[in-house]
Amino acid sequence: MAKLSFDKNGLKKGTRVISAANLPSDLTIDDPRAFLIKMRSTFLKNAREAKGLGKEEVSKKCKVSLSILERVESGKIDEQDMMLLHALSEIYEIDYPSLLFLYRLANRPDRTRVEKLAAYHNQDIDSATQKELLDFLAKLKDSLP
Amino acid sequence: MSSYSYLDEMVRVRLTKLAEQTLKEVLLNEPPINFDLLYNNEKLSKTSFKKTNPIINELAKDLKISKVEYLRGVLFVPDKRVIVISDDYDKRNNLTFAHEFGHWKIPSHKELLYKCTQFDLSPKARAQMEREANFFASEISFMGNLFLELLQSSALSMGNIKELSDTFGMSIEATLRRAVELEIRPCALLSLNVHEEDEENFLSVRYPVYSQSFLKNIGIKFNPDQTFSRNHALAKIVTDSIPRFINSYQFVGRLGKDEGAVALKTEVWKNDWNIFALFQPE
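First to last, the protein sequences are chains V and Z.
Number 46 in this note's numbering belongs to position 46 of the first sequence; there are no gaps in the numbering.
Number 76 in this note's numbering belongs to position 76 of the second sequence; there are no gaps in the numbering.
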């Protein structure tokens, strides 16, 4: 088994954090809830396409049917899909706990967790933007039903 | 097809395969399962403490568990250590060792536990992880299809379940559950609680388990709130002065109403902790 390796934030080395890649550059979102719903229904498809992978290829790798992959990509995810999410996180090199958070299978009750989520894949992000991201993510969290 | 309806088929297939691979790694192909071999292969250490040991109270406090009774086993991931709270029944401890081993072996569990010891999963996600670890524990402890082959080779009875329990070194409860969940023949299992002071509700249902063919052919489900009075035939084994060494007896009862009633051969069994009733069509 490959040895797990993590950075100081507890994130697996070399993995992207899901939120940042999906945030628009100007950070102006009129309806955070609608944005989040849209993000849930597009994120995994975008991640797959970003890796240049087709649905058939991924479904074969994960040993699931195309219909299951399509359901999951459309954001219809529950706890029974956790193992599949983990397999996808490995293929797409995405942080698994962040995926669980996105699909409401995990909470981030404190600021530290929000901060982890806001860790930008561009490590050179300035502190002001970082703060803006944190506030935005906290707002998103508050807007969850 | 089994009746593990609480887990998606895809999840079951993954866990079954993982259990098979794990057994192959240590060349285990005969029961009972050797947990020393499994743990050593992963460089995991295991310790058991009695419930009365003060360390258990400390542990429960550290883990913010309100009642020590809720604590059965703990996996300390960075320390590669499993602690099991022993109740002097080795066969039951084995299931806990298998469960915690499951958390270690299932990659999606291991990653979470490595990274986020306090990671705040939703209650549904936590329950899912426990179900997955339970399923893995059952698969590995009963060595996949080997259990089913032995189960099918003889009549379904408490006597044969007891033999299987001894063969695999697992508790009667775990063996019964797996037998009914995998059984091709129609059968159902009721685990019951006793309320000595309550004449009307002397026995209450702890949980029911059904075989797939029981659900399909008999089509009757027990009410989870159902209770049985002290006079009910099921209570006989608890109330009668049956010699200590005989801990099961049989009767035929009817389940359902009027014409729709189904005659079921029932075998009731008890030990120091539990009462089980096994039903099969007559």
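No wet-lab data here; the hints were simulated from the structure.
You may find that some hints are simply not true.
[Unchecked claim] Pairwise CB distance ranges, derived in the manner of DEER restraints:
| hint | chain 1 | residue 1 | chain 2 | residue 2 | range |
| --- | --- | --- | --- | --- | --- |
| 1 | Z | L215 | V | E49 | 52 to 58 Å |
| 2 | Z | E196 | V | E70 | 54 to 60 Å |
| 3 | Z | K24 | V | I91 | 21 to 27 Å |
| 4 | Z | Q152 | V | K60 | 29 to 35 Å |
[As the list claims (entries may be wrong)] Only part of the chain Z face toward chain V is listed, based on derived beta-carbon distances under 10 Å:
| hint | residue |
| --- | --- |
| 5 | L7 |
| 6 | L37 |
| 7 | N40 |
| 8 | L121 |
[What the hints assert, rightly or not] According to the in silico footprint, chain V covers these stretches of chain Z (three or more CB under 8 Å from chain V):
| hint | region |
| --- | --- |
| 9 | 11-18 |
| 10 | 75-86 |
| 11 | 267-273 |
Cβ atoms here follow ideal geometry from the backbone N, Cα and C, with glycine treated the same way.
In rising order, the numbers of the hints this structure does not comply with
1, 6, 7, 10, 11
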